[in-house]
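S.K.: Each chain, written out:
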Amino acid sequence: MKILVPVKRVLDYNVKARVKADGSGIDLANVKMSMNPFDEIALEEAIRIKEKGNAEEIIAVSIGVQQNQETLRTALAMGADRAILVVATDDVHNDIEPLTVANILAAITLKEGPSLILCGKQAIDNDFNATAQMLSAKLKWSQATFASEIDVKDDIIRVTREVDGGLQTIDAKIPAVVSVDLRLNEPRYASLPNIMKAKRKPLEEINPADLGVEITQRLKVIETKEPDSREAGLILENIDQLVEKIQENVGG
Amino acid sequence: MYDTSSDSKILLDTVQKFMADEIYPHEDRVDKLGYVPDEIGKQIEEKSKEVGLFAANLPEKYGGGGLDYSSMMIVEREYGKTSHALHSWIARPTEILLACNEKQMEEYLYPCVKGDKRELFALTEPDAGSDIMSMKSNAKKEGDDWILNGSKHFISGPCMPDFAIVFAATGEDETPRGKRKRITAFLVDVGIPGFDIQEGTKCISYRGYKNYQLSFNDVRLSADKILGTEGNGLSLSGKWLGMGRIWVGATCCGKAERILDLALDWAAQRKQFGKPIGTFQATGFKLADMKMNLRAADLLVKDAVDRALTGQMMDEDAAIVKIFCSEMLNKVADDTVQIFGGMGLMEEMPIERLWRDSRLERIWDGTSEIQRHIVTRSMLRPLGA
Ligand SMILES: Cc1cc2nc3c(=O)[nH]c(=O)nc-3n(C[C@H](O)[C@H](O)[C@H](O)COP(=O)(O)OP(=O)(O)OC[C@H]3O[C@@H](n4cnc5c(N)ncnc54)[C@H](O)[C@@H]3O)c2cc1C
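Taken in order, these protein sequences are the chains called C and L.
Numbered by my numbering, the letters in the first sequence go through residues 1 to 252 in order.
Numbered by my numbering, the letters in the second sequence go through residues 1 to 385 in order.
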């Protein structure tokens with residue numbers, strides 16, 4: 001079986017996001033970008049499935065600007081076998097919408113023939129949590145979202161899902177689209193020998209037009225704002241003062 | 001960092017993640033304890049083997065990571081952000097060991113690459129610091145063997161080593177400048193008769209990084225314990241010291257970057273007279289100078305690495321890097337204490353620790369004065385002065 005893992009290049013989770021002066025979005029010029037952490041988890045899971053002998057090939061795909069090549073190089077260094085870069089825009093600030101991403105991934109799926117697609121449940125920049133669901137609908141494949149445990153057996157993938165108030169275990173028939181949650185695994189770092197090996201792995205570059213997909217943007221960002229800053233706290237001397245404060249605030 | 005090739009970025013990413021997971025969480029505790037608990041050291045060692053950072057500096061054909069100098073520059077710069085007490089557990093066995101003959105490779109080089117053995121580099125003596133040629137350690141030939149006597153101090157490493165590379169005089173040569181000691185490097189195993197090794201006094205820089213005192217009392221060494229050839233010890237050590245000084249430069253840049261980030265944050269957050277203190281020119285200009293000098297230091301390291309890659313690095317190139325980077329770091333650290341005010345000296349902040357750690361960099365691997373001497377000599381000698 002082949003596994004497809006889409007990986008998005010996003011603002012590094014350690015970097016403090018700054019809103020652009022004109023409020024049109026987050027400033028992405030000259031800041032550290034990394035692989036979306038949920039996608040890292042998806043890729044790690046794909047590598048583990050392959051290591052267990054349940055998959056032969058892992059294909060990483062990234063859709064966006066030319067620089068997404070870096071994200072794919074990281075994926076190759078972690079353990080993906082080959083990579084496909086879909087250059088869909090030349091503007092880092094142009095976020096490709098979930099439906100368009102799903103269309104592109106569906107087209108790649110038809111071309112490459114994976115039977116499992118492992119996605120991060122959401123990208124930490126726009127938090128849509130939509131691509132996996134849309135993709136499974138496009139492909140008419142089974143879907144399992146928010147996986148915290150995955151077990152592949154023949155043509156069944158058993159997924160434990162994090163749902164409100166507990167865990168749910170479901171069996172999905174392969175081919176399937178699975179979106180992964182935070183607690184599924186801890187992604188490895190690219191080891192030095194694998195960084196060296198990755199230099200020789202293929203990275204193919206294509207355009208959406210090659211796949212017959214048109215980039216259409218349906219959503220419009222009206223405004224992006226910093227969250228309101230928190231007011232400074234108070235240091236109290238003792239419990240009595242604390243009780244007093246609580247009464248003041250709750251009572252009033 | 002200026003190197004933007006994606007391979008370097010992935011390497012940097014791996015090192016940064018490794019540091020965040022395996023090193024930074026222990027920094028404060030180790031500094032306060034004054035030693036590295038064995039299990040933490042071993043864990044760093046094991047994890048660094050898994051990710052391939054262990055012995056990454058040595059060629060692949062000996063089992064090392066095969067990183068070239070420009071990759072090592074990235075790695076060392078990151079290590080510089082933390083303490084030697086911790087990052088030295090990620091061994092970078094000295095390149096001098098590449099001078100091992102085949103039998104010595106089995107006994108010393110390969111075990112170091114695998115992490116089965118640890119080495120020390122023992123040059124300095126109580127009465128021979130900057131003035132290495134005044135060393136008293138000596139070895140005299142007796143039959144086929146050598147008998148080693150003398151002592152060494154300030155010989156540092158993360159933990160009790162398995163052997164030391166010991167430099168000792170094995171005779172004297174007549175030169176146009178007068179008599180000159182012949183220095184030879186010996187591989188001396190810990191535990192052999194006459195070789196005593198003790199932990200030295202505690203150092204306030206890099207608390208938990210150990211230094212040892214070595215003493216040799218009629219230590220009998222067979223001729224196959226000579227590393228390289230008899231009398232070529234200094235050219236061996238010179239080769240190593242050159243790159244060592246570049247790595248000091250790289251580590252200083254890393255540490256300065258870390259300190260500058262802390263200073264910047266504080267200057268933006270801390271308010272006095274109703275304004276962030278960074279908006280006072282006296283503070284702001286310090287930050288500007290830090291950034292500027294760090295940039296210059298980074299470029300000097302890169303320049304020296306480029307020279308080394310093409311075999312053109314000279315002693316004075318390494319000396320210039322060592323002076324500029326270590327002094328830049330000390331200025332950054334000191335100004336940062338100033339920007340933090342009283343908080344800069346409090347143990348609950350990392351500033352005082354980084355400031356203490358920085359101080360050593362102007363002393364070891366040759367003091368700033370000795371480095372300036374090297375630069376001066378390289379300029380004047382050709383003029384016959
Ligand atoms: C923590 C630590 C770890 C170390 N690890 C090692 C190690 O692993 N292996 C090893 O071999 N060594 C090691 N060293 C030794 C280190 O390299 C020496 O401390 C250093 O070379 C200086 O020697 P010294 O301390 O004897 O100072 P000295 O040589 O006594 O110098 C004292 C002062 O005099 C100045 N001075 C001396 N000569 C001149 C001159 N000609 N012109 C102008 N000024 C001069 C010096 O610059 C310095 O300011 C370590 C030292 C420390 C502190």
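I should point out that these hints are in silico values taken from the structure, not numbers from a laboratory.
Please note that the accuracy of each hint is not assured.
Below, simulated DSBU-like cross-link-like pairs (lysine-lysine); rule was C-alpha separation at most 30 angstroms, straight line [as the list claims (entries may be wrong)]:
hint: 1; chain 1: L; residue 1: 114; chain 2: C; residue 2: 201
hint: 2; chain 1: C; residue 1: 32; chain 2: L; residue 2: 61
hint: 3; chain 1: C; residue 1: 199; chain 2: L; residue 2: 275
hint: 4; chain 1: L; residue 1: 302; chain 2: C; residue 2: 52
hint: 5; chain 1: L; residue 1: 331; chain 2: C; residue 2: 199
hint: 6; chain 1: C; residue 1: 16; chain 2: L; residue 2: 42
hint: 7; chain 1: L; residue 1: 47; chain 2: C; residue 2: 20
hint: 8; chain 1: L; residue 1: 271; chain 2: C; residue 2: 16
hint: 9; chain 1: C; residue 1: 201; chain 2: L; residue 2: 61
hint: 10; chain 1: C; residue 1: 197; chain 2: L; residue 2: 9
hint: 11; chain 1: L; residue 1: 9; chain 2: C; residue 2: 2
hint: 12; chain 1: C; residue 1: 32; chain 2: L; residue 2: 17
hint: 13; chain 1: L; residue 1: 47; chain 2: C; residue 2: 50
hint: 14; chain 1: C; residue 1: 50; chain 2: L; residue 2: 291
hint: 15; chain 1: C; residue 1: 20; chain 2: L; residue 2: 275
hint: 16; chain 1: L; residue 1: 49; chain 2: C; residue 2: 199
hint: 17; chain 1: C; residue 1: 50; chain 2: L; residue 2: 275
hint: 18; chain 1: C; residue 1: 16; chain 2: L; residue 2: 114
hint: 19; chain 1: C; residue 1: 197; chain 2: L; residue 2: 302
hint: 20; chain 1: L; residue 1: 61; chain 2: C; residue 2: 16
hint: 21; chain 1: C; residue 1: 197; chain 2: L; residue 2: 275
hint: 22; chain 1: L; residue 1: 181; chain 2: C; residue 2: 201
hint: 23; chain 1: L; residue 1: 114; chain 2: C; residue 2: 50
hint: 24; chain 1: C; residue 1: 52; chain 2: L; residue 2: 42
hint: 25; chain 1: L; residue 1: 291; chain 2: C; residue 2: 197
hint: 26; chain 1: L; residue 1: 291; chain 2: C; residue 2: 20
hint: 27; chain 1: L; residue 1: 271; chain 2: C; residue 2: 52
hint: 28; chain 1: C; residue 1: 52; chain 2: L; residue 2: 17
hint: 29; chain 1: L; residue 1: 302; chain 2: C; residue 2: 32
Now the stretches of chain C that chain L is said to cover, found in silico as 3 or more residues with beta-carbon under 8 angstroms [what the hints assert, rightly or not]:
hint: 30; segment: 73 to 85
hint: 31; segment: 228 to 237
Derived Cβ-Cβ restraints for the label pairs, each shown as a range [unchecked claim]:
hint: 32; chain 1: L; residue 1: 343; chain 2: C; residue 2: 228; range: 45 to 53 angstroms
hint: 33; chain 1: C; residue 1: 51; chain 2: L; residue 2: 303; range: 40 to 48 angstroms
hint: 34; chain 1: C; residue 1: 232; chain 2: L; residue 2: 369; range: 48 to 56 angstroms
hint: 35; chain 1: C; residue 1: 51; chain 2: L; residue 2: 34; range: 23 to 31 angstroms
hint: 36; chain 1: C; residue 1: 221; chain 2: L; residue 2: 25; range: 33 to 41 angstroms
hint: 37; chain 1: L; residue 1: 270; chain 2: C; residue 2: 242; range: 46 to 54 angstroms
hint: 38; chain 1: L; residue 1: 264; chain 2: C; residue 2: 209; range: 25 to 33 angstroms
hint: 39; chain 1: C; residue 1: 153; chain 2: L; residue 2: 32; range: 21 to 29 angstroms
hint: 40; chain 1: C; residue 1: 209; chain 2: L; residue 2: 303; range: 53 to 61 angstroms
Even glycine gets a Cβ: it sits at the ideal position worked out from N, Cα and C.
S.K.: A separate judgement is required for each hint: does it hold in the structure or not?
M.R.: Evaluated hints:
1. L:114 / C:201: Satisfied, since the Cα-Cα distance of roughly 28 angstroms is no more than 30 angstroms.
2. C:32 / L:61: 35 angstroms, violated
3. C:199 / L:275: 50 angstroms, violated
4. L:302 / C:52: 43 angstroms, violated
5. L:331 / C:199: The hint is violated at about 40 angstroms.
6. C:16 / L:42: 34 angstroms, violated
7. L:47 / C:20: Given that 30 angstroms is the threshold and the Cα spacing comes to 40 angstroms, the pair is violated.
8. L:271 / C:16: Holds, at about 21 angstroms.
9. C:201 / L:61: At roughly 22 angstroms apart (the allowed maximum being 30 angstroms), residue 61 (chain L) and residue 201 (chain C) satisfy the hint.
10. C:197 / L:9: Satisfied, since the Cα-Cα distance of roughly 15 angstroms is no more than 30 angstroms.
11. L:9 / C:2: Roughly 28 angstroms between the alpha carbons, so the hint for residue 9 (chain L) and residue 2 (chain C) holds.
12. C:32 / L:17: Roughly 14 angstroms between the alpha carbons, so the hint for residue 32 (chain C) and residue 17 (chain L) holds.
13. L:47 / C:50: 23 angstroms, holds
14. C:50 / L:291: 46 angstroms, violated
15. C:20 / L:275: 23 angstroms, holds
16. L:49 / C:199: 21 angstroms, holds
17. C:50 / L:275: Status violated; Cα separation ~56 angstroms.
18. C:16 / L:114: 40 angstroms, violated
19. C:197 / L:302: 25 angstroms, holds
20. L:61 / C:16: Cα-Cα ~43 angstroms, so violated.
21. C:197 / L:275: 52 angstroms, violated
22. L:181 / C:201: Not satisfied, since the Cα-Cα distance of roughly 54 angstroms exceeds 30 angstroms.
23. L:114 / C:50: 28 angstroms, holds
24. C:52 / L:42: 29 angstroms, holds
25. L:291 / C:197: 36 angstroms, violated
26. L:291 / C:20: 24 angstroms, holds
27. L:271 / C:52: 56 angstroms, violated
28. C:52 / L:17: 26 angstroms, holds
29. L:302 / C:32: Distance ~21 angstroms between residue 302 (chain L) and residue 32 (chain C) Cα, so the pair holds.
30. 73 to 85: holds (count 3)
31. 228 to 237: violated (count 0)
32. L:343 / C:228: 45 to 53 angstroms: Once the Cβ atoms are compared, 28 angstroms apart, the range 45 to 53 angstroms for residue 228 (chain C) and residue 343 (chain L) is violated.
33. C:51 / L:303: 40 to 48 angstroms: Distance hint for residue 51 (chain C), residue 303 (chain L) holds at roughly 43 angstroms.
34. C:232 / L:369: 48 to 56 angstroms: Holds, since residue 232 (chain C) and residue 369 (chain L) (Cβ atoms, about 49 angstroms apart) stay within the stated range.
35. C:51 / L:34: 23 to 31 angstroms: 42 angstroms, violated
36. C:221 / L:25: 33 to 41 angstroms: With Cβ atoms ~38 angstroms apart, the hint holds.
37. L:270 / C:242: 46 to 54 angstroms: At 27 angstroms between Cβs, range violated.
38. L:264 / C:209: 25 to 33 angstroms: Violated - the Cβ-Cβ distance for residue 264 (chain L) and residue 209 (chain C), about 45 angstroms, lies outside 25 to 33 angstroms.
39. C:153 / L:32: 21 to 29 angstroms: Given a distance of about 51 angstroms, which is not inside 21 to 29 angstroms, the answer is violated.
40. C:209 / L:303: 53 to 61 angstroms: 45 angstroms, violated
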